[in-house]
Amino acid sequence: MPTDRELALKSIIYRRELLRIIKNAGAGHTGGSLSCIDIISVLYNRILRVSPATISDPDRDRYVQSKGHSVEALYVVLADMGFFPRQLLDTLGRAGSHFVGHPTRKVPGIEHNTGALGHGMPVAVGMALGARLRKSAFRTFVLVGDGELAEGSNWEAAMAASHYRLDSLTAVIDCNSLQISGRTSSVMNSEPIDEKFAAFGWAVRRVDGHDFAALAEALKAPLAPGRPSAVIASTVKGKGVSFMEDAASWHHGVPDDAQYRSAMAELDARLAALGGEAP
Amino acid sequence: MSAPAPGMHSRDALGVAARLGLLMGRPNTEVFSETLLELARADRSILAVTSDSRGSGKLTAFGTELPDQTVEVGIAEQDLVGVAAGLSNAGMNVFAVSPACFLTARALEQIKNDVAYSDRAVTLVGISAGVSYGALGTTHHSLHDFAALRAVNNIVVVAPADNPEARFAVLAAAASPVPVYLRFGKASLFTLPVGDAAFAFGRARVVRPGNDLAFLATGETVIHALLAAAMLAETAGLDCRVVSIPTVKPLDSGAVLAAARECRAVVTVEEHMVNGGLGEACASVVARAGEACALAIVGVPDEYTFTGSQADIFRHYGISMEGLCATALSLKGRPGASA
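Chain order of the listed sequences is A and B. According to the working numbering, the first sequence is numbered sequentially starting from 596. According to the working numbering, the second sequence is numbered sequentially starting from 286.
These are calculated hints, taken from the structure and not from any lab test. In this text the structure is predicted, and so the values were computed from the model without any measurement. Watch out, some of these pointers could steer you wrong.
As the list claims (entries may be wrong) - Cβ-to-Cβ under 7 Å is the rule here; a few derived chain B residues that face chain A:
#	residue
1	360
2	361
3	367
Note that beta-carbon positions come from the ideal geometry of N, C-alpha and C, so glycine has one too.
Take these sequences, add in the hints, and give me the full structure.
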């Protein structure tokens, strides 16, 4: 299991890689991928009991990325976990490639096809119910965006998860407070998210979504017996590249050559300060 | 006191049915629930997932006997289909049951993405389908489901015509490696003559031979085509073929082309809008093969749907023995037709 320092290095290396593949493809959801990359990193590096060797094991942990548009972050982590060769990331967006702009099961390691918002929560509820029916101990994690919570199907699933007391289910809310049109608070305010989930019967914890230790602590076990867990991760859209941070325009912005060089230089400097180097 | 509502079949039609020796069966939904219970007793991975639809899905007995194989999601069709996909991921063989009108409209995106695109071999069971809910009105009708699901990749669309077709469809769906949509109505149904072909997805069944005209029908309309064919034999000396097409997708294009080539006149019949359903699917097969035949598509036209019971609506749109006889006799270009 990677050390805290290794996670910190990966955090930068993953960011370099997702920017590289987005730049190479000429398209991608840059801001959201940068806001959730640390969550996905902690899940795959510290929490999930799943690997290329166990991806067909019925008792593997499940991860569903409901905010499917941030797929570049997932691709980068899955490549690092060895689910497929890193070189395949260069096919992102190319004709005939399975590496499209939202997750599909054609890509090794991906559990469920997503992209239309509001779908992951019901599917994750089904997985968690399935674990109970099969008497399996696997846990199910679903990553949801804060803007995505405007989709009503999330709340159908939130009701069912609580009704069935699915404590093997954890929803992580990537609260970057921005969506494509602007501030989530002005487009359609989803706050107070914690009170909403609590009112639906979930155990709730707010964490810093870029703090590996806090994320790992919140995700290592269900927050409360007999209740589904909602980990509300406060994040920064575009996190890690100064000029991309907290700007709705980077929702699916693709850096031009100068911006790309500038972003990479910033990440390389941070990597060097930690004593690491780019692969 | 009002007069009792007229039944599905006229006195004349019932007479024809009696002369054909047809026996009245039960609603397909009952056959579905019995067959599913039988399968689920032997296979604990089989689940019935319902959206407050146990009563209308005839699944009360199933839920009582196999509570651990029953999942209730409440009145939440999007959740129903998403949960079904998740349960399938966890290794369960899921039958998700909901009125067809809600299942295939409200949860269409879940069907498209979470079941079909994600390749989860869930069986979606649309109950009280077509205009089964009759006078409850258009909110409760599913006259769009063939069209919607024909346009979705990786799903089989099945509308059984009688109890044996319903039973076979449930058995085939349970064993299917791909997603299946089953469409069941509420009415009791005559059992069709056995016909020439065993049931299999993608295969049509010729339930009556003939080369003067072919009725290509699906679901609960097939019986009306059969009665019309028998009536046309009695009164007009016509030998009309009747083909039951339980699988609207994938369509048995061989059976459709055989009808077009051998009969030169085809009447399609469906409890669905004429847009995008069985009739247009058959027309497409015929046209793309470079064939030409006289064709009538009988279904519900693109208009504010006539109100009344399922029988009233069927009669209004000519989905009846009398209506189909009239359509057949008036079909322009039909061999032997006067005009």
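Tested hints:
1. Taking 7 Å as the C-beta cut-off, the interface hint given for residue 360 of chain B is violated, the closest approach to chain A being about 9 Å.
2. Taking 7 Å as the C-beta contact cut-off toward chain A, the hint placing residue 361 of chain B at the interface holds, the least distance being around 4 Å.
3. The beta carbon of residue 367 of chain B comes within 3 Å of a beta carbon in chain A, closer than 7 Å, and the hint placing it at the interface holds.
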